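Engineer: Here's the letter readout for the chains.
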Amino acid sequence: MENKGSPESVPFWFDPKKRSVAAQIGTLFLVGLLSWYLISNVLNNLEKQNIATGFGFLQKESAFEIGESLISYSAADTYAKALLAGVLNTVKVALIGIVLTIVLGALVGIARLSKNWLVSRLAGSYIEVMQDIPVLLQLFFWYAIFYESLPPPRQALNPMRGVFMCNRGVMFAVPEFHAAYLYMLSAFALGVFLSFCLKRWARKRQETTGKHFPVFKSCALLVIGLPLIVWSAFGAPMKMNVPKFSGFNFEGGFTLSPEFMALLMGLTLYTAAFVAEVVRAGIQSVGKGQREAAMSIGLKSGQVLTLVILPQALRVIFPPLTSQMLNLTKNSSLAVAIGFPDFVSVANTTINQTGQSIEGVALIMIVYLFFSLATSAFMNWYNRHVAMVER
Amino acid sequence: MQPETPRNLDQEIRPPVTHIGIIGWIRENLFDGWLNTLLTLLIVYFLSRVIPPLFRWMFIDSVWVGSPQECRQATGACWSIITANLRFILFGFYPYNQQWRPLAAMLMLFGLLSLSRDRNRWSKRLGYAWLFGLLAMGFLMKGGFFGLSEVESSKWGGLPLTLLLSVFGLTAAYPLGILLALGRRSKMPMIKALCVVYIELIRGVPLISLLFMGSIIFPLFLPEGITINKILRAQVAIILFTAAYIAEVVRGGLQGMSRGQYEAAESIGLNYYLTMRLVILPQALKIVIPPTVSILISAFKDTSLVVIIALFDLLKTTQSVLSNPEWMGFSKEAYIFIALLYFLGCFSMANYSRKLEKELSIGR
Numbered sequence: 020m021e022n023k024g025s026p027e028s029v030p031f032w033f034d035p036k037k038r039s040v041a042a043q044i045g046t047l048f049l050v051g052l053l054s055w056y057l058i059s060n061v062l063n064n065l066e067k068q069n070i071a072t073g074f075g076f077l078q079k080e081s082a083f084e085i086g087e088s089l090i091s092y093s094a095a096d097t098y099a100k101a102l103l104a105g106v107l108n109t110v111k112v113a114l115i116g117i118v119l120t121i122v123l124g125a126l127v128g129i130a131r132l133s134k135n136w137l138v139s140r141l142a143g144s145y146i147e148v149m150q151d152i153p154v155l156l157q158l159f160f161w162y163a164i165f166y167e168s169l170p171p172p173r174q175a176l177n178p179m180r181g182v183f184m185c186n187r188g189v190m191f192a193v194p195e196f197h198a199a200y201l202y203m204l205s206a207f208a209l210g211v212f213l214s215f216c217l218k219r220w221a222r223k224r225q226e227t228t229g230k231h232f233p234v235f236k237s238c239a240l241l242v243i244g245l246p247l248i249v250w251s252a253f254g255a256p257m258k259m260n261v262p263k264f265s266g267f268n269f270e271g272g273f274t275l276s277p278e279f280m281a282l283l284m285g286l287t288l289y290t291a292a293f294v295a296e297v298v299r300a301g302i303q304s305v306g307k308g309q310r311e312a313a314m315s316i317g318l319k320s321g322q323v324l325t326l327v328i329l330p331q332a333l334r335v336i337f338p339p340l341t342s343q344m345l346n347l348t349k350n351s352s353l354a355v356a357i358g359f360p361d362f363v364s365v366a367n368t369t370i371n372q373t374g375q376s377i378e379g380v381a382l383i384m385i386v387y388l389f390f391s392l393a394t395s396a397f398m399n400w401y402n403r404h405v406a407m408v409e410r
Numbered sequence: 006m007q008p009e010t011p012r013n014l015d016q017e018i019r020p021p022v023t024h025i026g027i028i029g030w031i032r033e034n035l036f037d038g039w040l041n042t043l044l045t046l047l048i049v050y051f052l053s054r055v056i057p058p059l060f061r062w063m064f065i066d067s068v069w070v071g072s073p074q075e076c077r078q079a080t081g082a083c084w085s086i087i088t089a090n091l092r093f094i095l096f097g098f099y100p101y102n103q104q105w106r107p108l109a110a111m112l113m114l115f116g117l118l119s120l121s122r123d124r125n126r127w128s129k130r131l132g133y134a135w136l137f138g139l140l141a142m143g144f145l146m147k148g149g150f151f152g153l154s155e156v157e158s159s160k161w162g163g164l165p166l167t168l169l170l171s172v173f174g175l176t177a178a179y180p181l182g183i184l185l186a187l188g189r190r191s192k193m194p195m196i197k198a199l200c201v202v203y204i205e206l207i208r209g210v211p212l213i214s215l216l217f218m219g220s221i222i223f224p225l226f227l228p229e230g231i232t233i234n235k236i237l238r239a240q241v242a243i244i245l246f247t248a249a250y251i252a253e254v255v256r257g258g259l260q261g262m263s264r265g266q267y268e269a270a271e272s273i274g275l276n277y278y279l280t281m282r283l284v285i286l287p288q289a290l291k292i293v294i295p296p297t298v299s300i301l302i303s304a305f306k307d308t309s310l311v312v313i314i315a316l317f318d319l320l321k322t323t324q325s326v327l328s329n330p331e332w333m334g335f336s337k338e339a340y341i342f343i344a345l346l347y348f349l350g351c352f353s354m355a356n357y358s359r360k361l362e363k364e365l366s367i368g369r
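Heads up: the protein sequence lines correspond to chains A and B, in order. Using the numbering used here, read the first sequence as starting at 20 and increasing by one per residue. Using the numbering used here, read the second sequence as starting at 6 and increasing by one per residue.
Heads up, a few of these hints could be off.
[As the list claims (entries may be wrong)] Capping the alpha-carbon separation at 30 Å, the derived lysine-lysine pairs in BS3-like fashion look like this:
{"no.": "1", "chain 1": "A", "residue 1": "Lys319", "chain 2": "A", "residue 2": "Lys218"}
{"no.": "2", "chain 1": "A", "residue 1": "Lys218", "chain 2": "A", "residue 2": "Lys230"}
{"no.": "3", "chain 1": "A", "residue 1": "Lys36", "chain 2": "B", "residue 2": "Lys363"}
{"no.": "4", "chain 1": "A", "residue 1": "Lys230", "chain 2": "A", "residue 2": "Lys319"}
{"no.": "5", "chain 1": "A", "residue 1": "Lys134", "chain 2": "A", "residue 2": "Lys263"}
{"no.": "6", "chain 1": "A", "residue 1": "Lys134", "chain 2": "A", "residue 2": "Lys111"}
{"no.": "7", "chain 1": "B", "residue 1": "Lys147", "chain 2": "B", "residue 2": "Lys160"}
{"no.": "8", "chain 1": "B", "residue 1": "Lys363", "chain 2": "A", "residue 2": "Lys67"}
{"no.": "9", "chain 1": "B", "residue 1": "Lys337", "chain 2": "B", "residue 2": "Lys197"}
{"no.": "10", "chain 1": "A", "residue 1": "Lys236", "chain 2": "A", "residue 2": "Lys319"}
{"no.": "11", "chain 1": "A", "residue 1": "Lys37", "chain 2": "B", "residue 2": "Lys192"}
{"no.": "12", "chain 1": "B", "residue 1": "Lys197", "chain 2": "A", "residue 2": "Lys36"}
{"no.": "13", "chain 1": "A", "residue 1": "Lys307", "chain 2": "B", "residue 2": "Lys197"}
{"no.": "14", "chain 1": "B", "residue 1": "Lys360", "chain 2": "A", "residue 2": "Lys111"}
{"no.": "15", "chain 1": "B", "residue 1": "Lys129", "chain 2": "B", "residue 2": "Lys363"}
{"no.": "16", "chain 1": "B", "residue 1": "Lys129", "chain 2": "A", "residue 2": "Lys307"}
{"no.": "17", "chain 1": "A", "residue 1": "Lys236", "chain 2": "A", "residue 2": "Lys223"}
{"no.": "18", "chain 1": "B", "residue 1": "Lys235", "chain 2": "B", "residue 2": "Lys160"}
{"no.": "19", "chain 1": "B", "residue 1": "Lys363", "chain 2": "A", "residue 2": "Lys134"}
{"no.": "20", "chain 1": "B", "residue 1": "Lys197", "chain 2": "A", "residue 2": "Lys37"}
{"no.": "21", "chain 1": "B", "residue 1": "Lys235", "chain 2": "B", "residue 2": "Lys147"}
{"no.": "22", "chain 1": "A", "residue 1": "Lys100", "chain 2": "A", "residue 2": "Lys111"}
{"no.": "23", "chain 1": "A", "residue 1": "Lys307", "chain 2": "A", "residue 2": "Lys319"}
{"no.": "24", "chain 1": "A", "residue 1": "Lys134", "chain 2": "A", "residue 2": "Lys307"}
{"no.": "25", "chain 1": "A", "residue 1": "Lys134", "chain 2": "B", "residue 2": "Lys360"}
{"no.": "26", "chain 1": "A", "residue 1": "Lys111", "chain 2": "A", "residue 2": "Lys223"}
{"no.": "27", "chain 1": "B", "residue 1": "Lys337", "chain 2": "B", "residue 2": "Lys160"}
{"no.": "28", "chain 1": "A", "residue 1": "Lys79", "chain 2": "A", "residue 2": "Lys67"}
[Claimed, not checked] Beta-carbon label-pair distances, calculated as ranges:
{"no.": "29", "chain 1": "B", "residue 1": "Leu184", "chain 2": "A", "residue 2": "Gln303", "range": "28 to 38 Å"}
{"no.": "30", "chain 1": "B", "residue 1": "Met193", "chain 2": "A", "residue 2": "Ile385", "range": "23 to 33 Å"}
{"no.": "31", "chain 1": "A", "residue 1": "Glu87", "chain 2": "B", "residue 2": "Thr42", "range": "44 to 54 Å"}
{"no.": "32", "chain 1": "A", "residue 1": "Ile385", "chain 2": "B", "residue 2": "Glu75", "range": "51 to 61 Å"}
Simulated from the structure, these hints should not be mistaken for lab results. Nothing here was measured: the structure is a model prediction, and the numbers come from that model. Glycine included, each C-beta is placed from N, C-alpha and C at the ideal position.
Whenever a hint applies, use it, and build me the whole structure from the sequences.
Structural biologist: Structure, rendered in structure tokens:
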């Protein structure tokens, strides 16, 4: 307010500044009062029901088994370790799911824009159907398919050598461990590093001399070739660890449990429909003029895509894509409904055993908040990185 | 009318038969280039392998009305799991001879929805009709007056519960979401901080953690001796969750308003409350109708999560039919039926949202 001449003439309840301070203090007071009331109730109730408080339970023995885990875990380990195994399972499902979703979503999104009527209609109905059915129902559906339609282990299907399918999951042969694989991994890392250097060198050379260097082909050669050379140098180890039926179940090989497959399939198919829409909108957001301009200066169609269309489309695609990836991660918590031991499922068991529901639910919230805050921090960084430079 | 034009000239102008009509369309849309031709042939082959057996399974070899034993002998789908248990799937444990009441409530809801389809009918009177209708639906379900026997809410289930959770969830979350959005845009730092923390906190965690909170922690928040029924607790969790998402949508609409609108309102002497009520919100909320409908769609789908805290919504009633040893093993058929119900609901809402989007974009 600009009437500095007569500050006394305005009563304090008409002064916007003082009024806003009063409103804020009032709100804070109310919120504080409400939380004090709730917390005192909680403390009172916990005392009456003899429930312990604090995170001391994390150090106690968990006494429950976890179906599948990336770290070695047994019922004798602590709750903390059980929860860690759960977090790792969530991360595993989320990461694999994200990769598959992006691939499938991009394919369907591009198919939606295809000039071929059948292809675009097929993609369109996929998107419509998947988006309109709750993801939990889809998880139950796939789980029922895996669990009811596949035979018990004794009559397992054997579609090809080394692969078995039954209602305990899909088992397939994996290469038996050999020291050569570790060296191959380092060779692969070296290949990636060298390709990175090569790309920078080639770009610099093109900028100074204008000479073109076949970067993609040589990089592919490096990344695939180096590990192959190492592999043959070690005498090409081929021994496989094949699953065998013994007693009641399969042993050896690698097992994908029906819970994991149903979860991965449901999440991927559901989220891919949303990603497809994001990709379609992103590609459509690039004006027709951009493509025409790029073609008119003589770029090849591949170059038009990688140098002109994609950099602009990605800028539109990226933010909604990240939020879809986050949705996938949050939806992976539905694993608890089909019995995959993800973080929420382990935390739920912990709550049931210890009765410390507040700590348990708080842990769930903290872990997921961490995922989403980390993702949005990354997204903000990326947005600043690719933001359009207006001139 | 040009009688002097010679007929043969007219025919010369016409494009070749391969470029017009059905043949032209097929050439252009299905066999344009070798890649498209290959794709088309592959898809036709794939469809011809998949559709006929699926059709046989669904319609020809299937059992529509029959006992589980007949189903187990048939090679097709067992739709009789639906026909035999339809009333339980739809209404759950609601007393059998009283099930006309949830049915009537649902019909009322559908009637109101179809009445509200046309934007020209949107008025205060329709708003009051909704308010009255929602109250009447609640009373009809609950009973305990006019000779209607009282039905405990623990017996509510099936489709009415799913609809109740989503409709009441959105109705209550909408005003809360608007308040949160206004708070987030507020110039008062404390209020803004509170709203930002709330919105980001809720949007960062999965709905299931809120449902857990509602079902296991919420009772601890209350003084001793007071209990709130399970449905209401889940409903509160859904409202708190949906409100955060609505707040973000409304904030988008508020940001879309030009400064001129605020300045114009200020210059004719409106205070904050009147500016918002008369100038800003009517425009901002109109812009965000389509995204609001998509929130309604996800709220509708998300109600299925109450299965996890053991409320008998549509999905849970189906699962309890499936856990009956007689009907065990027919999950596919049951889930397909539920999926169809959800699909019909979401698809009509999505269609409506697209229609609205078109209408609203014409006006601008």
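Engineer: All the hints need checking, so say for each whether the structure fits it.
Structural biologist: Do the hints match the structure? See the list:
1. Taking the CA atoms of A/Lys319 and A/Lys218, the gap is near 20 Å; set against the 30 Å cutoff, the hint holds.
2. A hinted pair counts as satisfied when its Cα atoms are at most 30 Å apart, and A/Lys218 with A/Lys230 qualifies at roughly 13 Å.
3. For the suggested pair A/Lys36 and B/Lys363, the alpha carbons sit about 43 Å apart, so the restraint of at most 30 Å is broken.
4. Distance restraint check for A/Lys230 and A/Lys319: the Cα-Cα separation of roughly 17 Å lies within the 30 Å cut-off, and the hinted pair is therefore satisfied.
5. With a C-alpha separation of about 49 Å, the suggested pairing of A/Lys134 with A/Lys263 is violated against the 30 Å cut-off.
6. A distance of roughly 37 Å separates the Cα atoms of A/Lys134 and A/Lys111; the hinted pair therefore is violated under the 30 Å criterion.
7. Note on B/Lys147 and B/Lys160: the hinted pairing holds, with a Cα-Cα distance of about 10 Å set against a maximum of 30 Å.
8. For the hint pairing B/Lys363 with A/Lys67, the CA-to-CA distance comes to about 59 Å; that exceeds 30 Å, so the pair is violated.
9. Of the pairs offered as hints, the one joining B/Lys337 and B/Lys197 is violated, with about 49 Å between alpha carbons and a cut-off of 30 Å exceeded.
10. For the hint linking A/Lys236 to A/Lys319, the alpha-carbon distance of about 17 Å falls within 30 Å, and the restraint holds.
11. In summary, the hint linking A/Lys37 to B/Lys192 is supported, as the alpha carbons are separated by about 13 Å, within the 30 Å threshold.
12. A hinted pair counts as satisfied when its Cα atoms are at most 30 Å apart, and B/Lys197 with A/Lys36 qualifies at roughly 16 Å.
13. Our distance criterion of 30 Å between C-alpha atoms is broken by A/Lys307 and B/Lys197, whose separation comes to about 42 Å.
14. Between B/Lys360 and A/Lys111 the CA atoms are separated by roughly 40 Å; this puts the pair beyond 30 Å, and the hint is violated.
15. For the suggested pair B/Lys129 and B/Lys363, the alpha carbons sit about 24 Å apart, so the restraint of at most 30 Å is met.
16. Distance restraint check for B/Lys129 and A/Lys307: the Cα-Cα separation of roughly 45 Å exceeds the 30 Å cut-off, and the hinted pair is therefore not satisfied.
17. Between the alpha carbons of A/Lys236 and A/Lys223 the distance comes to roughly 18 Å, so the proposed pair stays at or under 30 Å and holds.
18. For the hint linking B/Lys235 to B/Lys160, the alpha-carbon distance of about 11 Å falls within 30 Å, and the restraint holds.
19. Restraint check for B/Lys363 and A/Lys134: the C-alpha separation of about 24 Å stays at or below 30 Å, so the hint holds.
20. Taken as a hint, the B/Lys197 and A/Lys37 pair is honoured in the structure, with Cα atoms around 17 Å apart against an allowance of 30 Å.
21. With a C-alpha separation of about 15 Å, the suggested pair B/Lys235 and B/Lys147 falls inside the 30 Å cut-off, and the hint holds.
22. With a CA separation close to 16 Å, the supplied pair A/Lys100 and A/Lys111 stays within the 30 Å bound.
23. Of the supplied pair hints, the one linking A/Lys307 and A/Lys319 holds, its CA atoms being roughly 16 Å apart against a limit of 30 Å.
24. Taken as a hint, the A/Lys134 and A/Lys307 pair is honoured in the structure, with Cα atoms around 15 Å apart against an allowance of 30 Å.
25. Between the alpha carbons of A/Lys134 and B/Lys360 the distance comes to roughly 25 Å, so the proposed pair stays at or under 30 Å and holds.
26. Proposed proximity of A/Lys111 and A/Lys223 is contradicted: the alpha carbons are some 39 Å apart, above 30 Å.
27. Pair hint B/Lys337 plus B/Lys160 holds up; C-alpha atoms about 27 Å apart against a cutoff of 30 Å.
28. For a cut-off of 30 Å, the pair hint linking A/Lys79 to A/Lys67 stands: about 23 Å separates their Cα positions.
29. Separated by about 36 Å at the C-beta atoms, B/Leu184 and A/Gln303 satisfy the suggested range of 28 to 38 Å.
30. Between B/Met193 and A/Ile385 the Cβ separation comes to about 28 Å, which falls inside the hinted range of 23 to 33 Å.
31. For the hinted restraint 44 to 54 Å between A/Glu87 and B/Thr42, the CB-CB distance of approximately 46 Å keeps it satisfied.
32. Under the hint 51 to 61 Å, the C-beta atoms of A/Ile385 and B/Glu75, about 53 Å apart, fit the expected range.
Checked against the numbered hints listed earlier, the structure breaks hints 3, 5, 6, 8, 9, 13, 14, 16, 26; every other hint is satisfied.
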